[in-house]
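Student: Each protein sequence line maps, in turn, to chains A and B.
First residue of the first sequence: 1, per this note's numbering; consecutive thereafter.
First residue of the second sequence: 1, per this note's numbering; consecutive thereafter.
Watch out, some of these pointers could steer you wrong.
Calculated cross-link-like contacts (lysine-lysine; reagent style BS3-like; alpha-carbon spacing at most 25 angstroms) [to be verified]:
id : chain 1 : residue 1 : chain 2 : residue 2
1  : A       : Lys78     : A       : Lys36
2  : A       : Lys78     : B       : Lys6
3  : A       : Lys36     : B       : Lys6
To give an idea of the interface, some chain A residues facing chain B are shown, with a C-beta separation under 10 angstroms as derived from the structure [stated by the list, open to error]:
id : residue
4  : Arg39
5  : Pro76
6  : Ser95
7  : Ala99
Residues on chain A that point at chain B, a partial pick, calculated with CB under 8 angstroms [to be verified]:
id : residue
8  : Tyr52
9  : Pro53
10 : Arg84
What the hints contain is simulated information worked out from the structure, not anything from laboratory work.
The beta-carbon is built from N, C-alpha and C at its ideal position, and this holds for glycine as well.
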Amino acid sequence: MATSGQRRTQLLRGVLDLCLLAVIDEAPAYGYEMTKRLRSRGLSIVGEGSIYPLLGRLERDGLLETYRAASDGGPPRKYYRTSRLGHRALVAGVSEWRAARDAVDSVLASNDAEVQR
Amino acid sequence: MIRFVKECRREWRRLGVPDAVADEMAEDLAADLEEAQAEGVALEEVLGGGASDPRSFAASWAIARGVTRATSGSFRARRKPPIAAALTVLLIAAVFAGAAVVIFGAGEPSSVPALHAPNGLKGRAPEERSLAPPESPSVPGLHEERSPAPPESPSVPALHTPKGLKGRAYEERSLALPDVITTG
């Protein structure tokens, strides 16, 4: 049986690319900005893999586009935005996640009463 | 944090990441880490588990982007010519070998049966070969004459007869040869 930390890591690893696509789809962002957006929603990546390799892969797969622009009071940064393909992948990914989540919920629902007791 | 970026830069150089790409990645990373530091955010909060291993972090990022020497298109392009050259040499060698078989094989039609001749007949086989009627179409009359002559005809079948009959078969063939020659 995986420990709590291990399970969290495994769960996050499976959906971190989807979460990145989601926060970038809201508005273009540079690397650290994405980390802040994820953290503000309770998703810290401490102990998990960095977002940079993921960003590289998503860019290489054509799901993200990049451009350079000045950041607020800082040096020019590399901004990421979702491509059309990336947006479609996000929609499909969200659907898959919800289906998986619902299935797991229905399996675990029988234990709810047990947990509350 | 600057040291972290420097170590990443060194790893990218080792992996053959083009300088322009490595510079861009290093600049972006340094800017992110400086901003995080200014906000009092720990390195681990930005880099996750990669914070403790800059080389591994740098390598995984470069590989994911497809900019290492092993994954970049330019490197593959440099590796193609030797492979293509090797294939070309093999192809040319095969063509020459095929041509040699066709040329030399056609030039000595009777040499092939001689190779199949039993050991005991080897010494006499050349005589038979010189007397043997050519099967090539360059002697049209020969075909007309040979077709009615039933068992005595070609020398090749006799060479494939069972061991016990080899001597007789050869004699039969030898007797048949003069007939063939006169018809020519």
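Student: Against this structure, judge whether each hint is valid.
Tutor: Each hint tested on the structure:
At most 25 angstroms may separate the alpha-carbon atoms for a hinted pair to count; Lys78 (chain A) and Lys36 (chain A) meet this at roughly 16 angstroms. With a C-alpha separation of about 19 angstroms, the suggested pair Lys78 (chain A) and Lys6 (chain B) falls inside the 25 angstroms cut-off, and the hint holds. Among the hinted pairs, Lys36 (chain A) with Lys6 (chain B) is consistent with the structure: their alpha-carbon atoms are about 24 angstroms apart, no more than 25 angstroms. Interface restraint check: Arg39 (chain A) against chain B, minimum CB-CB distance 7 angstroms, threshold 10 angstroms, status holds.
Satisfaction of the interface hint for Pro76 (chain A) is found here, the shortest Cβ-Cβ separation to chain B being roughly 9 angstroms, below the 10 angstroms cut-off. Annotation: interface hint on Ser95 (chain A) violated; nearest CB of chain B at approximately 25 angstroms, more than 10 angstroms. Annotation: Ala99 (chain A) was flagged as interfacial toward chain B, and the flag is violated, the nearest CB pair being 27 angstroms apart, outside 10 angstroms. With its C-beta approaching chain B no nearer than about 5 angstroms, Tyr52 (chain A) sits inside the 8 angstroms limit, and its interface hint holds.
Satisfaction of the interface hint for Pro53 (chain A) is found here, the shortest Cβ-Cβ separation to chain B being roughly 4 angstroms, below the 8 angstroms cut-off. The criterion of a C-beta within 8 angstroms of any C-beta in chain B is not met by Arg84 (chain A), whose closest approach is roughly 21 angstroms, and the hint is violated.
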